[in-house]
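Trainee: Here's the letter readout for the chains.
Protein chains: 2
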Amino acid sequence: MESIIIYLPVIMALVGLAFMAVKRSWVLKQNAGDGKMKEISDYIYEGALAFLKAEYKLLTFFVIGASVALAAISFIVPTTHILIVVAFIFGAFFSALAGNMGMKIATKTNVRTTQAARTSLPQALKVSFGGGTVMGLGVAGLAVLGLTTAFILLFQFFMNGAWTSTEDMTIVLETLAGFSLGAESIALFARVGGGIYTKAADVGADLVGKVEAGIPEDDPRNPATIADNVGDNVGDVAGMGADLFGSYVATVLAAMVLGNYVIKDMGGAIQDAFGGIGPILLPMAIAGFGIIFSIIGTMLVKIKNNEAKEKEVQGALNVGNWVSIALTLIACFVLVKYMLPETMQMEFFGEGLKDISSIRVFYATVVGLVVGGVISSVTEYYTGLGTKPVLAIVQKSSTGAGTNVIAGLATGMISTFPTVLLFAAAIWSSYAFAGFYGVALAASAMMATTAMQLAIDAFGPISDNAGGIAEMSEQDPIVRERTDILDSVGNTTAATGKGFAIASAALTSLALFAAYVTFTGIDGINIFKAPVLAMLFVGGMIPVVFSALAMNSVGKAAMDMVYEVRRQFKEIPGIMAGTGKPDYAKCVDISTKAALREMMLPGILTIGFPIAIVLLGKLVYGSDNQLIAEMLGGYMAGVTVSGVLWAIFQNNAGGAWDNAKKSFEAGVEINGEMTYKGSDAHKAAVTGDTVGDPFKDTSGPSMNILIKLTCLIGLVIAPILGGHMETGVVEQDVQIEMNVESAELAQAVITYSTTVNGETTTEEKTFKGTQAEVKSQLEAFEKTTQVSGENDKKVVIEKIDIKK
Amino acid sequence: MESIIIYLPVIMALVGLAFMAVKRSWVLKQNAGDGKMKEISDYIYEGALAFLKAEYKLLTFFVIGASVALAAISFIVPTTHILIVVAFIFGAFFSALAGNMGMKIATKTNVRTTQAARTSLPQALKVSFGGGTVMGLGVAGLAVLGLTTAFILLFQFFMNGAWTSTEDMTIVLETLAGFSLGAESIALFARVGGGIYTKAADVGADLVGKVEAGIPEDDPRNPATIADNVGDNVGDVAGMGADLFGSYVATVLAAMVLGNYVIKDMGGAIQDAFGGIGPILLPMAIAGFGIIFSIIGTMLVKIKNNEAKEKEVQGALNVGNWVSIALTLIACFVLVKYMLPETMQMEFFGEGLKDISSIRVFYATVVGLVVGGVISSVTEYYTGLGTKPVLAIVQKSSTGAGTNVIAGLATGMISTFPTVLLFAAAIWSSYAFAGFYGVALAASAMMATTAMQLAIDAFGPISDNAGGIAEMSEQDPIVRERTDILDSVGNTTAATGKGFAIASAALTSLALFAAYVTFTGIDGINIFKAPVLAMLFVGGMIPVVFSALAMNSVGKAAMDMVYEVRRQFKEIPGIMAGTGKPDYAKCVDISTKAALREMMLPGILTIGFPIAIVLLGKLVYGSDNQLIAEMLGGYMAGVTVSGVLWAIFQNNAGGAWDNAKKSFEAGVEINGEMTYKGSDAHKAAVTGDTVGDPFKDTSGPSMNILIKLTCLIGLVIAPILGGHMETGVVEQDVQIEMNVESAELAQAVITYSTTVNGETTTEEKTFKGTQAEVKSQLEAFEKTTQVSGENDKKVVIEKIDIKK
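Chains as they are written, first to last, in the numbering used here: chain A, 129 to 932; chain B, 129 to 932.
Accuracy of the hints is not assured; some may be wrong.
If several chains are the same, the list does not tell them apart, and a pair holds so long as it fits within one copy or across any two.
Claimed, not checked - List of simulated lysine-lysine pairs, DSSO-like, C-alpha gap at most 27 Å: (1) Lys516 - Lys684; (2) Lys437 - Lys254; (3) Lys790 - Lys811; (4) Lys185 - Lys746; (5) Lys790 - Lys185; (6) Lys746 - Lys482; (7) Lys714 - Lys181; (8) Lys709 - Lys698; (9) Lys338 - Lys166; (10) Lys684 - Lys811; (11) Lys811 - Lys338; (12) Lys181 - Lys164; (13) Lys437 - Lys482; (14) Lys157 - Lys430; (15) Lys254 - Lys157; (16) Lys482 - Lys805; (17) Lys516 - Lys811.
Honestly, the hints are just simulated from the structure, not real lab data. The structure displayed is predicted, hence computed values, not measured ones.
Please model the entire structure based on the sequences and the hints provided.
Mentor: So this is what it looks like as structure tokens:
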């Protein structure tokens, strides 16, 4: 039995990938149009490839550098195995592969969607959603395949494929954390770099093309127009894919780590039909089934009526989505009942060991699925077309850009209220049900249908691109009408998808945070210690500064683009008449270089700060690893809390501004008057959208990566700060018999031996005072022997001589 | 000796108030001008009085309501004495009195400054700064007088004026917390209401007057112009005064609370020349000396040269400021050496008792003074005229309002970097020097020169008003030139003053936070407990939502004003020709009502949430007060961290936008071209300033009150969550003698009595299992008797019967 279950997720991932391959070849077989359509789509494809190539070059250097650093750590810290480097490279490779695959299919599907829209809307949806499905299954399949395979190999290597002890499994999972770190590092490049790329190209193309030269958007005479379209794929498709790939892997990993500690709490070993590792395998199994259910869900997304509108298309997506979620819910019940012991013991901080029945773990997964659903509705309420908050922004546009901007900012800020209360309730309740294992499984359940979520997400930018191609190749208006319907639905799914990404990042970070605390073996993170509180402040500041850096980067990169487009307009003869050919590649190159250059500083901030804190802590507190671990924990909590807030604020403000601007296209009533595009109010709304663009496409989504990567780095550093104390230090229960009421003086001589790197020294310590004092001194000393964080140090109390 | 020291701050406060009275009568004796000048200034004075009157009416209801609630608490919680209600009313009264005094003198000084500016610049500075001095000394004098008198009376009442025990002193200080709560509640009204008032009037006056009717700013034909000028006093003078009054009182209180715990850590009593309460008296003594040094500082602020420019005026202010800070530094050294024991024992969380020499406490005060100085420079760097960040915003204005807004937001966000690192370093180092007592004393030292800071702050809006009066009464241009010099310096001091206010609020909140933890007697706040972490999230969200509510309130209140001004223009005949008299009072009334109405929701949010958390906690966890106290602590930490970030972000972004706009007055070089007022770039900068206005004058400064009030409410709730465990529950050390290595089973029967409200019941509990198990069960039981948070419950273990 156990052999099947451990391989089951691998099989399911392979099924997902096989289905993806079939779908992919179907999409590629579709008619790719002709003439100008094909030409434009080829430019976009080549531009996307150019970005990928440049990115991979930079990534190679990064991966080498990070591998060396990880190797160094593995030499210093005995419990960190050199295999972490292999896992890291493996994770980076899988993440890059998924990104590559997703971007390629997206840039191939766009033109095919345009072509399909020439025949019918149902066909157009089928093609565009088909492309999205390939993307979604590719990402989810590779994530599960990579993580599970890595786990099986490491489990074989370290434990010969059979349970030995929590300590050994911890080493397996610590090494596996390298896989997650690799995936998330690539996500940093993809999400932040992609966000800068897409907005730099967008702003650059608009400023010179629309404003200075007076040519329409998506005009092929604009040298930056291809870069702009590439940007949609780089940011919305590849960026989102890498983000969710990272969340997916990290969530499952964190749940496995916490599952391992459940086994520890149950006495260090359990008897079940899965080789005694049921709680560790469960999150992988849920992920595996999620892929299958996503496939089923994607098959349900179809419309029949060629006259369908947004509502029907959205409805088709909803059916697929809800069915996959409902199936996941059922699977969670069955799997939890099947794979977990009927009753588990879990350690609750400050409350001791508790008996937790397996049904409570199921309730925790329900919490996760509910959060995933509710967050979408909340996000839609604050950012959707025609909702109260968006209409309020529209009204405020009538008194100028200033009031529009204030209204948008306020909307984004207010939207943190229900969202944070939802998250807080989710943390609290899933913890109440099944401890931090429950929190991690809530996240796992939510992430199970990642493939479906991504399919829905990716279909939006594909349709957007399809519309652009229709426009540029001057198709019949009905074609653009059909792609517009898809694009409009895509805008909604993009906003709700961002909500889902935030929720997943938040729960993932919490699970990682919990895993961190158990890895380091500290007894909680006490913010009443001033250094910890100081780091909470510093952590809270990082997302704010990160966002500002990302926003400034967009500005700088956009200026580079502006100068290049101006130069081409001036130097290429006949470009405006359409006889000269603009140098698209040069603009793509500028966007690419700017994106990769500008993401350095935010990247260094993300990776450097946790390391700097540990170094600073070591400098000040030496070997008090407990305190340093708490400081880093405080920092992680600060980044997570602040990062989640700024992600919600920026995404929702940006989304609301965007749709406030879009409202003018169909006309809006302001003070009893219908107002349209071109009005002063519309211009004010455009200003708001300009502010919102980097919010929602660059800095906002980057927050997800920031918080997850911060927590992952913490997890990888954790062993340095004293994991596995059990293996290093012998727990001792000193027999202290004192009469604390007595005023008589006492003296205790303690003999203890310290073993460091195989060398043993024996020393003596004398405590004097009243009996109560001596007792408390002895107890304090006993405590230090138990929590000494250095792994290669072993303290044994040989003898205690008490004289009353 | 002791009798002198305890009364010394009272005497110094009285000296300060006497000096204030002399200065006040000097200012009032100055020539108040004639004709139109006098008429306009009378309108402003009356408008300010009208606001105060309406505010006090509302406050009366609030104070009555809050008093009833406090009285209810004092009946439920035995250790909360009914006198807390008296202290609360006392604190509210003193704070209101200080605000009243400050606003009256400010509105009397403005016209006298205009008149003085007709003779010379030195005279104008003397008058305007004289008004500021009256304001500063009034606030600081009343704060010290009120707090110290309340302390002396409570000390007499509860302890007969002599040290008995830490527990009794805790009751004194808990009751004294009522004084601080009263002061801070008034500050909430003054700061938030004032912020809404000033911006509603400003925006309303501009939108209809400048934009629709095309008349200049400060034109007496505009019905809202008086409300606008009243707003400057209500927001910048009264709001800032109430804010610092609250910080001042809360800081000293928190330091006293922590001083009390230093005495506890030293064994519960110390021998010194101050009746054994030296550490408690020290913060009051520093505050008292600070008043005297502020007087000396204000006397040094003068210029002689009538041709002086901004630099000389700023220089004069700097001399006064630095001298008062330097004198405070010396006084801190002397007082610390004189009043504290040579060596103290302080309990450091997780590190146990440490010996702390008094010089380390002095170092902590140095940290506070340094932070106060550095924060001003940092704030000036990000917001000052001609600085790099502000010039960058100017450059970005050339590409439109969108890029200007993005640049301003990014500047505000980046400015959190040095500021938060500074705060983090301050927390960490002052704690490292002398524990949380050190943190509180750092704050106390920084706040010691509050009178001087407020004098410098208040002189700005006075000069601003003076300039307005000069304009409206059509004075000679030289008069306006002179007031402009003062106004320009006032703009810089306003921005740095806001930085100082944030720093003081941050350190005060931390000190209160520390006092909270010691009051509740919990052993730290562990964010690894999910409910605590959830509350950290919720706390982090509150400042964001609070800011949004405040911003929306400004918008709503401004619309009320717009409709009223439009109505008057339409309905009052001859108003534009200057023959009809606008109804100023009506506009003042609208601003007043809107401000008071709109501040309700943010106020309820601030006061309601901590209470809701405790109720929710009680509902879920019943009597587990430890956990509920930690949850509230997590909430407080979230509010503080997020509130400080949003305060810095909003204040600095607003300040930077303001000065970016002002840069155009003298002309700026953009892309090699000189650009002035009226250009497109300037218009873009005006949009940025519109966004920044509520940021820097309403929501940003409100953060200070939010975080302090939250922590104060926590402090007042603290006793409910189990303070004074020592008095309620007998600490018992159970003798447990077990052989944990043994596999033999054991049984322990424990007999214990529980006394609740005088009734005693005796029960038995039996533990069975291996010896190790029984031991840990016994220990766990013993622990619950020790931490049972209910004060009226007494658990005594009568007998333990162990059968091995």
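Trainee: Does each hint hold? Answer for all of them.
Mentor: So, going through the hints one by one against the coordinates:
{"no.": "1", "hint": "Lys516 - Lys684", "result": "between (35 Å within a copy, 16 Å between copies)"}
{"no.": "2", "hint": "Lys437 - Lys254", "result": "within (15 Å within a copy, 73 Å between copies)"}
{"no.": "3", "hint": "Lys790 - Lys811", "result": "both (11 Å within a copy, 24 Å between copies)"}
{"no.": "4", "hint": "Lys185 - Lys746", "result": "neither (35 Å within a copy, 57 Å between copies)"}
{"no.": "5", "hint": "Lys790 - Lys185", "result": "neither (39 Å within a copy, 47 Å between copies)"}
{"no.": "6", "hint": "Lys746 - Lys482", "result": "between (36 Å within a copy, 21 Å between copies)"}
{"no.": "7", "hint": "Lys714 - Lys181", "result": "within (15 Å within a copy, 68 Å between copies)"}
{"no.": "8", "hint": "Lys709 - Lys698", "result": "within (13 Å within a copy, 61 Å between copies)"}
{"no.": "9", "hint": "Lys338 - Lys166", "result": "within (24 Å within a copy, 55 Å between copies)"}
{"no.": "10", "hint": "Lys684 - Lys811", "result": "both (24 Å within a copy, 22 Å between copies)"}
{"no.": "11", "hint": "Lys811 - Lys338", "result": "both (14 Å within a copy, 21 Å between copies)"}
{"no.": "12", "hint": "Lys181 - Lys164", "result": "within (25 Å within a copy, 74 Å between copies)"}
{"no.": "13", "hint": "Lys437 - Lys482", "result": "neither (53 Å within a copy, 73 Å between copies)"}
{"no.": "14", "hint": "Lys157 - Lys430", "result": "within (19 Å within a copy, 85 Å between copies)"}
{"no.": "15", "hint": "Lys254 - Lys157", "result": "within (13 Å within a copy, 85 Å between copies)"}
{"no.": "16", "hint": "Lys482 - Lys805", "result": "neither (62 Å within a copy, 70 Å between copies)"}
{"no.": "17", "hint": "Lys516 - Lys811", "result": "within (21 Å within a copy, 30 Å between copies)"}
Comparing the model with each numbered hint stated earlier shows that hints 4, 5, 13, 16 do not hold.
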